[in-house]
Amino acid sequence: MQRTSFYFFIGLAVLGLLVGSWGMVQRLLYGLNPVAFGSYVPWGLWVAFYLLFLGLSAGAFLVTTLAYVFEMERFHRLGRLAAYTVLIVLLCEVLFITLDLGRMSRIYRFLISPSFTSLMTWMFILFNAMLIIYALKTFFLIREDLVAWSQDPQRKGRNLYRLLALGKSDYSPADRARDHKTVHGLSLISLPVGLLFYGTNGAFFAILMNRPIWNSALTPLLFIVAAVLSGGALIAFLTHVFLRDDELVTSLGKAVLYNLVILVFLEILQFFVGYLGDNPRVVAALDLIALGDYWWTFWIVHLGLGGLIPLLILIFSKNSPRAVTWACALIVLTFLAVRFNFIIPDLAVYKLEGLEHTFYHARLRTHYTPNLNEWLVSLWVVSLGLLAFLLGSRWLPVISSDHRGGMQHAH
Amino acid sequence: MGKILPSEDVLIRMQRDLKRALQRDPKKVRWTMVIDQGKCTGCHSCTLGCVAENKLPPGVVYRLVIEEEIGRYPAVRRRFLPRPCMHCQNPPCTKVCPVTATYINNQGVVVVDYNRCIGCRYCLVACPYSARTSDFGEWYTRNTPEAPSILVGRTKAAQGYELQPATEYGRKWPQRGTGSPIGNARKCHFCLHRLAVGMLPACVTTCTARATFFGDRNDPESLVYQLLGSPRIFVLKPELGTQPAVYYLK
Ligand code: SF4
Ligand code: SF4
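From first to last, the protein sequence lines are chains A and B. The first sequence finishes on residue 989 if you use the numbering used here, and the numbering steps up by one all the way, no holes. The second sequence finishes on residue 252 if you use the numbering used here, and the numbering steps up by one all the way, no holes.
Excised from the complex, chain A in its bound form (with noise of 0.2 Å):
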C-alpha cells in the first residue's frame, strides 16, 4: 500500500472513531436504551454487523483450504495476511456481540454458568477456539521476523519485538523447522473448527421452530458458503492491495465466482421451496425480503451490486486483477445487506395473528430501522478494525516477510 493511502486510511479510521464515539458514550452510559430494536426484533444491525464479520473471517478457511486440500502451493504464501486478518476481524465480531448484549458486564457468566443445550455457549467455545488458533499461528508465523526485527539496530520499538518473540534472540534453522509443522498442525486443525464455527453460527438460527425461514437444514449450508464466499473476497481483495499478487488474485477470484453462483442458487432454492410450499409465515417473510420496506437492500445492494456485477467481472474479466480486485470489493461491501436480509425479515413477523394490534409501544413493533446511534456504534467498531488491520500492516510483520528473513512461504 502507498504511503499516501497508507496515511489516508489512518485519517478515516481515525475521524471513524471520533464520530462513532457518541454513539459509544450513548450505549455505555444508558446500556439498550438509545437502540431501535425491541422485544418483537430483538437483533438489529449490531448482529447483522457480528454476522458479517463473522463470515470475513472465513477467507483464512478458504486460503487453507485451497492450499492444504486442493494442494495449490502458492496459497502458503497468503498465510500471515490471511491469519492476521482473522485476528482483526475477531475483534470487531465480538466488540459486535458484546455490545449487543443487555448486560454486557456479565459477559464472565459464559465461563461459570454455561449450558451446553445452548448454541450460543457453543459459539462462544468455538469462536475461543479460533482466536487461539489463528493468534498461534500469526506468532509462529511472523516469530521469525519477530527476533530478526527485535535485533535489528536500527528498527524502532525493538523492545516491543523482544516482547512479542517473547525474549527469543536468536532463530536456528530448527526453529524454522519446528515453527513450519506448528503451523502446519495449526492449519490442519483450523479447517475443521472452522467448518463447525461457520456450520453452527448458521444452526444457531435453524434450530429455533417457528421461525419461518431460519428453522430449515439449509440453513448451516448458507452459512459456510456466506461466510466463504465474503470472507474469500475480502483476503482477495486484501492480496491486491498488499501482495500485487496478480497470480493469487485471480485465482482467488475463481474460487469467489463458484461461492457466489452457489450462493445465489441457495438463496433461489430458498424462495422456490417457500413460495411454493406457501406457508403464510414463510411466505411473509419470504414477502418482506423481496417486497418489504428494504426490497432495495435485496434486489439493488445485494443481488445487483453485490451479486450480478461481480458476477458478470469475474466471469468476462477473471484474468484481470484489478477487475477481479473491485468484483471482490463490491461483495465485501454489499455483504451487510445479506446478513441484514437474513436478520430482520424473519424476526419480523408476529409469532401471533392480532399482536400488532394491541399494547401499543415503540419496542413491540416488528417495524425495524438502524437508528443513528446503532450507525454510530457500528461506525466505531469498524473504525477501530480498520486502524488496528493498518497499524498492525506496518508496524509488525503480518503482511509480508519485509525480506529481512523470515518464511517466504508461511505456512
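Everything labelled a hint here was simulated from the structure, so no lab data went into it. Some hints here could point you the wrong way.
Claimed, not checked - With a Cα cut of at most 30 Å, we get these calculated DSS-like pairs of lysine-lysine: (1) A:K929 to B:K239; (2) B:K30 to B:K174; (3) B:K174 to A:K929; (4) B:K41 to A:K929; (5) B:K252 to A:K929; (6) B:K239 to B:K174; (7) A:K734 to B:K97.
Fit chain B with the ligands to the supplied structure of chain A, relying on the hints for placement.
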C-alpha cells in the same frame, strides 16, 4: 339451577385450592392456568393488573390481550385471547439460554434469574408465543415537565412510583436505576411472590369476567384439574410440542 347460578365466586374456590396446594409437598405441585375465551370480554384488566403488580416499565408486558375479529360483515364476531407466558413444560426458551439464567423451577414455572441473565435476547427470539420482552430501561416519567410545588416537585413525585420496583421472585430489588432487571429478559412468572404468601396471581384476581383460573393440576380436587377434563380445552400451537401449562377453553 345450582349449576347455572354459582353458589360462590370462583375466586373463593381457587383461594381454597391455593391454600391446599401450599400445604402439599412443593415438588408435587404443578401450577396451571386455564383461560376461558368464552368468558373473556377483552377488558384488559389482567394486563393492567399485571403491569401494576410487577411495576412493568413502558415496553415490557407479561400478559396482553389479543383482540381478533373473525368472520365477514355482517357475520362478524370478536374474540379475545389473553396471552401470558405459557410456562411450557418443554420450553424452547430455556434450552437456548447460554448461561442457565432461565429454567423451569420445581413447580413447573419458567423463571428468569435477573442476576444471571446477560441480556442476549436469544430466548426472546426462541419463544414461539412472543411471551418475553426485554427491559430497555424506559421510564414513564421521562420528560415529565417540572412544575413548581411546595413539597417535592412533579417529576420526583411521579418517579416515586417508578423507582420502587416490585418484589418479583420474592426479592427486594434495588431502586430502579441502571441495574437489573434493566437489560434483562422479563416475562410472566405466575406471580410466584404472591403465591408464596397465599395470594392468587394478580391477573386472576383482576379479571372482571372471572375468565382466568389458576391452581395445581396435580390436585384432583382443584378447579383447574376439573377444567382440564373439558372437551373445550386446547393449547396454543400444540404442533410445536412445547406442552404449555396455560390452557384455554374454547
Ligand atoms: S411461552 Fe415462551 S417464554 Fe414462556 S415458557 Fe414457553 S417458550 Fe418460554
Ligand atoms: S436474554 Fe437472558 S434469559 Fe434470555 S437467553 Fe439471554 S441470558 Fe438467557
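Identify every previously stated hint that the structure contradicts and give their numbers, smallest first.
-> 3, 6 and 7
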